[in-house]
Amino acid sequence: MPELPEVETVVRGLRSQIVGETFAQVEVLHPTLIVQGDRDAFREGLLDCTIRDVTRRAKFLCFHLSPKGYLLGHLRMTGKFIVAETEPSLDKHQRVRFQFQSGRWLVFSDVRCFGTLEVLNTLEESHALANLGLEPLSSDFTPDSLRNPFQRTSRNIKSVLLDQRVIVGIGNIYASEILYRIGIHPERPAQQIRPKERKQLVATTKSVLQEAIAMNGTSISDFRRVDDKTGEFQEFLRVYGKDGSPCGTCGTPIQRIVQQQRSSFFCPTCQR
DNA sequence: AGCGGAACCTGTCGGC
DNA sequence: TGCCGACAGGTTCCGC
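So for the first sequence, the working numbering puts the first residue at 961; every next one is plus one.
What the hints contain is simulated information worked out from the structure, not anything from laboratory work. Some clues are possibly wrong.
Unchecked claim - Taking lysine-lysine and the DSS-like style, the derived pairs with C-alpha atoms no more than 30 Å apart in a straight line are: (1) Lys1202 <-> Lys1166; (2) Lys1159 <-> Lys1040; (3) Lys1159 <-> Lys1202; (4) Lys1040 <-> Lys1052; (5) Lys1156 <-> Lys1040; (6) Lys1156 <-> Lys1166; (7) Lys1156 <-> Lys1202; (8) Lys1028 <-> Lys1040.
These figures come from a predicted structure and were not determined experimentally.
Sequences and hints are given; from them, build the entire structure.
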């Protein structure tokens, strides 16, 4: 489910639902994965703590706890948080179940077990957060801020867009969508991106992500499972997964290639 | 130092 | 029906 717009949507949902709740019970169902470090320390770090706020950094979810500490989560490919008013029935993908003092529940569910949850005293001690790049929706993300990262690499533009040490939040789907909208071929070396194109890249990245957030991230989520979201999903995406169908601008069939072991979709005519 | 590739794990889909 | 390979929205680690 998760690139920046989807994580932002989840964060906003959680913030509106569970700020003020206090952890009364923490059940780790998955033996080793998901929860980083010691399971007892994880439980102890959360019990009796109140959720003060829920925020996002890159694709990480950050629960701010009172009196102290943070719960840092990452959905990776298939992680999901579910809030429930009463005890949810167990299913095999649930990994961690939290009960609040109010009697409400929060469940972390994850088919592939790539997701992570970690309790921290301070955000500074997080290894994961240490080397993250610019937030694309912040004012720091400017054409100028990309000049050096683009200049001093031999990689192609697609792979730099996915590099969380440079820009955070862009994933495989939005990388293709952004490059399509500005007419840049995913295999173009980042070094060859001209100043004018950097400017377009920044502006388009912001607008694509903002538009997706405005659509509550449904541009991606549940694309296979939930029929009623399909319309919105298909309207938003112009190239991702559209391998073989005609480009909306010129009619040339959209092409799929593999870069860094991941699919890229592009129009061979419009993108150079 | 920077890069590409493998690994982490489970599920689904299409082809034979 | 069943088996097999390809593929899935992300990150981290390892070797060159």
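Against the structure, the hints:
no. : hint                : in the structure
1   : Lys1202 <-> Lys1166 : holds (23 Å)
2   : Lys1159 <-> Lys1040 : violated (35 Å)
3   : Lys1159 <-> Lys1202 : holds (27 Å)
4   : Lys1040 <-> Lys1052 : holds (13 Å)
5   : Lys1156 <-> Lys1040 : violated (39 Å)
6   : Lys1156 <-> Lys1166 : holds (16 Å)
7   : Lys1156 <-> Lys1202 : holds (28 Å)
8   : Lys1028 <-> Lys1040 : holds (25 Å)
Checked against the numbered hints given earlier, the structure breaks hints 2 and 5 and satisfies all the rest.
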